[in-house]
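A.B. asks: Residue strings, one per chain:
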Amino acid sequence: AQTVTQSQPEMSVQEAETVTLSCTYDTSESDYYLFWYKQPPSRQMILVIRQEAYKQQNATENRFSVNFQKAAKSFSLKISDSQLGDAAMYFCAYRSGEDSNYQLIWGAGTKLIIKP
Amino acid sequence: KAGVTQTPRYLIKTRGQQVTLSCSPISGHRSVSWYQQTPGQGLQFLFEYFSETQRNKGNFPGRFSGRQFSNSRSEMNVSTLELGDSALYLCASSLGHLRNTEAFFGQGTRLTVV
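Protein chains in written order, with my numbering: chain A, 1 to 116; chain B, 117 to 230.
Derived from the structure by calculation, the hints contain no laboratory data. Every residue, glycine too, gets a C-beta built ideally from N, C-alpha and C. Among the hints, a few may not be true.
What the hints assert, rightly or not - Chain B side only, calculated, beta carbon under 8 Å to chain A, not exhaustive: (1) 159; (2) 168; (3) 206; (4) 223.
Claimed, not checked - Stretches of chain B that chain A covers, calculated by requiring three or more beta carbons in the stretch to come under 8 Å of a beta carbon on chain A: (5) 146-158; (6) 170-183.
Claimed, not checked - Calculated pairs, DSSO-like style, for lysine-lysine (alpha carbon to alpha carbon, straight line, at most 30 Å): (7) B:173 x B:129; (8) A:70 x B:129; (9) A:78 x A:111; (10) A:73 x B:173; (11) A:55 x A:70; (12) B:173 x A:55; (13) A:111 x B:173.
Only chain A is shown next, with the shape it has when bound in the complex:
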């Protein structure tokens, strides 16, 4: 069975600084997807960034980028130029690449605090 581990329950960063959130996962599959979701106090899950396992290039979305290390099964999220609106819970999630399997397996989450 696949598992996702986020070892940082809480992280804090000064506004405009850079922060990295860690995520490791365990799987025997070679084809899969990895995601970072943000959950603000409104509770709605918002996709931040995703990575396809077969792509070696790290995904980037504006101030958000990932460091995907497939051999090490590591998938960290880097937030550059942190803004107050980035404060939220961040969840790392795994999805199998198997057809018809849309189940997301989640990490425990990291609470990100932005200090003004």
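Go by the hints and put chain B onto chain A.
C.D. replies: Just chain B now, with coordinates in the frame of chain A:
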């Protein structure tokens, strides 16, 4: 276009009662997944429906059930409620038939069992 709509947003029920939660996916999306979120267990997958058929199921007791209608709207039902069923229930919709497809989430239904 309209996002994923979950109703109701908040619900208080008594132990032993049953409850039905509703999820209307984004227009054109045929897959609806349900997740339970609690402080103790985190986010756990309940089940996924695609074109009115349950395609995947998580490890929850039979008291948790769901269905999907021809318009892709989905309902989940919890019977004989227990205090431990208190949680945020999240619904996600996606196209469901493409490999690289994103899941869009609703704002959830907060269920409190007293």
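A.B. asks: Close enough to count: is the Cβ of residue 223 of chain B nearer than 8 Å to one in chain A?
C.D. replies: holds (5 Å)
A.B. asks: With a Cβ-Cβ cutoff of 8 Å, does the segment 146-158 of chain B contain at least three residues near chain A?
C.D. replies: holds (count 4)
A.B. asks: Can you verify the interface hint for residue 206 of chain B: is its Cβ closer than 8 Å to any Cβ in chain A?
C.D. replies: holds (7 Å)
A.B. asks: Tell me if chain A covers the segment 170-183 of chain B under the three-residue, 8 Å CB rule, please?
C.D. replies: holds (count 3)
A.B. asks: Would the pair residue 78 of chain A and residue 111 of chain A pass a check requiring their Cα atoms to be no farther apart than 30 Å?
C.D. replies: holds (14 Å)
A.B. asks: Does residue 173 of chain B sit within 30 Å of residue 111 of chain A, going by the straight-line distance between their CA atoms?
C.D. replies: holds (29 Å)
A.B. asks: Residue 173 of chain B and residue 129 of chain B were given as a pair; does the straight-line alpha-carbon distance stay at or below 30 Å?
C.D. replies: This hinted pair holds, its Cα atoms lying about 25 Å apart.
A.B. asks: Under 8 Å is the threshold here; is the Cβ of residue 168 of chain B close enough to any Cβ of chain A for the hint to stand?
C.D. replies: violated (14 Å)
A.B. asks: Are residue 173 of chain B and residue 55 of chain A close enough, with their CA atoms no more than 30 Å apart?
C.D. replies: holds (29 Å)
A.B. asks: Let me know if the C-beta of residue 159 of chain B comes in closer than 8 Å to any C-beta of chain A, holds or violated.
C.D. replies: Check passed: Cβ of residue 159 of chain B comes within 4 Å of chain A, closer than 8 Å.
A.B. asks: Does residue 173 of chain B sit within 30 Å of residue 73 of chain A, going by the straight-line distance between their CA atoms?
C.D. replies: holds (26 Å)
A.B. asks: When you check the alpha-carbon spacing of residue 55 of chain A and residue 70 of chain A, does it fall within 30 Å?
C.D. replies: Holds, at roughly 10 Å.
The structure does not agree with the numbered hints 2 and 8 stated previously, though it agrees with the rest.
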